[in-house]
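If you want the building blocks of each chain, they are given just below.
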Amino acid sequence: MAEIKLETVAKTFGTFTAVKGVDFTVDHGSFFVILGPSGCGKTTTLRMMAGLELPTSGRILLDSEDVTALPASARDIAFVFQLFALYPHMNVRQNIAFPLRCQNYPRAEIRRSVEETARLLRIAHLLDRRVGGLSGGDRQRVALGRAIVRRPKAFLMDEPLGALDSEFRRLMCGELRELHDRIDATTVYITHDQLEAMAMADRIAIMNQGRVEQIGTPQEIYDRPGSMFVADFIGAPPMSFLTVQATLQRGDRSIKVDGAPVEMPQLFEDRAEGSFALGVRPENVSFADASSLRGHVIGAEYLGTTQIVTVTTANGQIKARLPSGNTVRVGETVGLALRPDKLSLFDAISGLALPSALYAGDRDG
Amino acid sequence: MAEVALLDVSKSFGAVEAVRGLSLSVAHGEFVVLLGPTGAGKTTTLRLIAGLERPDQGDVVIQGRVVTREIPAERDVAFVFQQYSLYPHLTVYDNLAFPLRSPARRTDEKTIRRRVQQISELLHIESKLGNRATALSGGEMQRVAIGRALVREPAVYLMDEPLSSLDAKLRAELRLELKRIQRELGTTILYVTHDQIEAMTMADRIGVMSEGALIQLGTPREIYERPNSAYVAGRLGSPVINLIPAELLGNTLPPRVRTVGLRTEHIRISPADGPGPRAQVHWVEHLGDQNHVHLKLATHSLVTLADPGQPLRAGDQVSLEFESPLYFDQAGNRLGTDGLRGHA
Numbered sequence: 001m002a003e004i005k006l007e008t009v010a011k012t013f014g015t016f017t018a019v020k021g022v023d024f025t026v027d028h029g030s031f032f033v034i035l036g037p038s039g040c041g042k043t044t045t046l047r048m049m050a051g052l053e054l055p056t057s058g059r060i061l062l063d064s065e066d067v068t069a070l071p072a073s074a075r076d077i078a079f080v081f082q083l084f085a086l087y088p089h090m091n092v093r094q095n096i097a098f099p100l101r102c103q104n105y106p107r108a109e110i111r112r113s114v115e116e117t118a119r120l121l122r123i124a125h126l127l128d129r130r131v132g133g134l135s136g137g138d139r140q141r142v143a144l145g146r147a148i149v150r151r152p153k154a155f156l157m158d159e160p161l162g163a164l165d166s167e168f169r170r171l172m173c174g175e176l177r178e179l180h181d182r183i184d185a186t187t188v189y190i191t192h193d194q195l196e197a198m199a200m201a202d203r204i205a206i207m208n209q210g211r212v213e214q215i216g217t218p219q220e221i222y223d224r225p226g227s228m229f230v231a232d233f234i235g236a237p238p239m240s241f242l243t244v245q246a247t248l249q250r251g252d253r254s255i256k257v258d259g260a261p262v263e264m265p266q267l268f269e270d271r272a273e274g275s276f277a278l279g280v281r282p283e284n285v286s287f288a289d290a291s292s293l294r295g296h297v298i299g300a301e302y303l304g305t306t307q308i309v310t311v312t313t314a315n316g317q318i319k320a321r322l323p324s325g326n327t328v329r330v331g332e333t334v335g336l337a338l339r340p341d342k343l344s345l346f347d348a349i350s351g352l353a354l355p356s357a358l359y360a361g362d363r364d365g
Numbered sequence: 366m367a368e369v370a371l372l373d374v375s376k377s378f379g380a381v382e383a384v385r386g387l388s389l390s391v392a393h394g395e396f397v398v399l400l401g402p403t404g405a406g407k408t409t410t411l412r413l414i415a416g417l418e419r420p421d422q423g424d425v426v427i428q429g430r431v432v433t434r435e436i437p438a439e440r441d442v443a444f445v446f447q448q449y450s451l452y453p454h455l456t457v458y459d460n461l462a463f464p465l466r467s468p469a470r471r472t473d474e475k476t477i478r479r480r481v482q483q484i485s486e487l488l489h490i491e492s493k494l495g496n497r498a499t500a501l502s503g504g505e506m507q508r509v510a511i512g513r514a515l516v517r518e519p520a521v522y523l524m525d526e527p528l529s530s531l532d533a534k535l536r537a538e539l540r541l542e543l544k545r546i547q548r549e550l551g552t553t554i555l556y557v558t559h560d561q562i563e564a565m566t567m568a569d570r571i572g573v574m575s576e577g578a579l580i581q582l583g584t585p586r587e588i589y590e591r592p593n594s595a596y597v598a599g600r601l602g603s604p605v606i607n608l609i610p611a612e613l614l615g616n617t618l619p620p621r622v623r624t625v626g627l628r629t630e631h632i633r634i635s636p637a638d639g640p641g642p643r644a645q646v647h648w649v650e651h652l653g654d655q656n657h658v659h660l661k662l663a664t665h666s667l668v669t670l671a672d673p674g675q676p677l678r679a680g681d682q683v684s685l686e687f688e689s690p691l692y693f694d695q696a697g698n699r700l701g702t703d704g705l706r707g708h709a
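Protein chains in written order, with the numbering used here: chain V, 1 to 365; chain L, 366 to 709.
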């Protein structure tokens with residue numbers, strides 16, 4: 001277990017700044033996910049934590065010790081790339097033992113550590129099998145075993161499940177998280193898949209263009225996105241936005257959308273006339289004949305118990321998650337009701353959320 | 366009338382039976398999706414219809430005409446592949462016009478212009494007509510590739526995972542667009558995918574395939590609510606349906622039931638003193654709009670949905686209530702609520 005702290009860490013490659021001053025702390029024993037699109041700087045950040053890149057500025061602390069300039073081998077950290085890379089000519093035992101043998105551990109200790117690791121991963125019965133004949137899941141477990149056998153202070157994982165198909169990925173998500181809890185590890189995990197992040201993380205840092213946009217628990221980030229970027233990156237389908245021109249006053253509890261008043265959480269800021277985006281998640285949209293916020297249905301996508309209905313309005317497209325029992329006809333005009341206490345309002349130019357009762361609410365997690 | 370029909374078609378490659386006794390008909394204006402894992406025979410089925418493969422047995426019928434012995438060019442079909450292959454040296458306009466300019470068709474330029482214009486508007490790429498194909502984004506390229514099939518008006522469009530090379534966001538957008546276009550043009554589409562979301566959201570009917578055979582054919586709702594087997598039940602729904610051994614649920618079940626299928630939304634969690642079977646919360650997964658609660662019922666793992674507001678922690682004891690259970694027999698076939706083979 002370890003605490004990892006980054007203090008205004010930045011990295012420049014030539015004229016390109018990949019990471020622009022990142023600050024966060026990964027707590028002892030927590031599962032921390034860095035989430036973002038490709039090119040956002042998440043892999044560079046992880047590589048600096050591992051000691052594979054030297055920061056241009058800033059400090060990295062591992063259990064309060066400044067490790068910024070230490071090479072990877074001097075940090076007690078395991079770096080896990082895609083999990084499939086095994087040595088095909090070795091059996092399971094030799095694969096798991098490999099990192100210890102490289103560091104000249106005594107034979108008896110290697111044996112004990114390997115067997116204990118195999119028990120943790122529930123692959124003890126496979127120790128003497130060749131890796132070639134194993135199922136995909138067992139191969140992943142062996143690869144994991146090789147990462148945890150040294151019992152490092154922290155695991156850094158760079159999209160370890162990226163190459164797997166979606167069903168298997170879901171399964172491995174559960175196993176990874178369970179393993180993390182069982183061995184009391186500190187894990188930093190990188191992905192561009194928001195579902196993976198939501199499913200596994202204690203806390204998520206969302207990165208965009210070299211900066212951290214928001215850090216929080218999955219539920220916090222989902223319920224109170226700090227920017228339109230975050231709101232749009234999280235959720236399937238993501239948050240919908242209605243663009244409105246308005247002048248806003250502290251204390252406002254509603255906003256006019258195409259002439260229709262829409263209730264929202266009380267606003268904590270005055271804003272001059274400008275362009276704003278009202279954000280709503282699909283499960284907080286319902287149809288209401290009486291509503292003066294109107295739109296017409298352009299598509300309904302059946303998903304089993306629920307359906308996603310896409311509605312265009314004068315102010316933008318809205319997606320609603322409705323029970324699939326509701327009959328929806330493409331082309332029909334409908335009234336829309338938005339759940340007032342769950343709406344976010346963003347500055348459409350800067351993309352940042354405006355302070356409101358929603359954002360002042362209790363923090364969970 | 367059936368636009369395309371397969372009559373008891375089989376095809377082997379060496380010792381591998383890729384398609385086994387497949388019968389299927391696609392009606393005019395219908396969107397049928399073949400769903401199955403890699404190796405289920407989906408792509409071979411499309412290739413048999415297109416004439417890229419010849420069946421060992423059975424017939425292919427297009428618009429009432431047996432075409433089994435005809436070459437691809439003689440069949441009235443258009444094929445869209447997974448990887449968009451555009452002519453890089455041509456503009457978007459010329460890429461779209463290309464199929465119409467084929468010597469076999471000899472369409473006049475005025476008709477071509479009208480048709481290309483119409484299709485590009487439908488696909489929202491009308492502003493890109495003058496661009497080189499290589500100057501487009503991935504999503505635009507795939508739209509041009511689909512557009513190149515759409516400029517022709519064949520009896521049927523055959524599409525082989527046309528969205529799978531795109532990122533999640535674009536895929537969601539094009540799913541909606543493709544369905545809209547199909548509805549507006551009234552085209553007939555046979556579409557192959559391993560993505561259950563694509564199948565559920567676009568199909569009029571889904572055909573679930575496994576090991577070369579068609580296991581069940583029906584509307585998305587039929588397949589989701591009334592799967593004929595445990596296999597089909599497991600193909601649709603995310604997270605995947607819980608299949609629970611009958612002995613864990615006591616002896617109140619109909620006879621012959623070996624497995625009970627419960628979708629995640631059909632398991633309700635109540636306090637531990639409730640009447641239902643007891644389980645332990647193993648892990649709570651936060652997805653924002655919902656939580657997935659992973660439970661242990663004796664040694665068996667279950668997943669259910671819960672509202673994010675519901676306070677649940679790992680280790681909590683709960684009792685379970687079930688609704689709309691699906692019953693399966695020893696062989697995995699679905700039984701009625703009375704334990705007989707049926708359509709309850």
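Bear in mind the hints are in silico, worked out from the structure with no lab data behind them.
As the structure is a computational prediction, the values presented were derived from the model and not from experiment.
Every residue gets a Cβ at the ideal spot worked out from N, C-alpha and C, and that includes glycine.
Treat the hints with care, since some could be wrong.
[Unchecked claim] Cβ-Cβ distance ranges computed for the label pairs, FRET-style:
#1 V:Asn104 <-> L:Gly674: 33 to 43 Å
#2 V:Cys102 <-> L:Pro636: 51 to 61 Å
#3 V:Thr15 <-> L:Gln447: 32 to 42 Å
A quick look at each hint next to the structure:
1. The supplied range of 33 to 43 Å is broken by V:Asn104 and L:Gly674, whose beta-carbon atoms lie about 54 Å from each other.
2. A beta carbon spacing of about 53 Å between V:Cys102 and L:Pro636 agrees with the range 51 to 61 Å that was offered as a hint.
3. Roughly 38 Å separates the CB atoms of V:Thr15 and L:Gln447, a value that falls within the hinted 32 to 42 Å.
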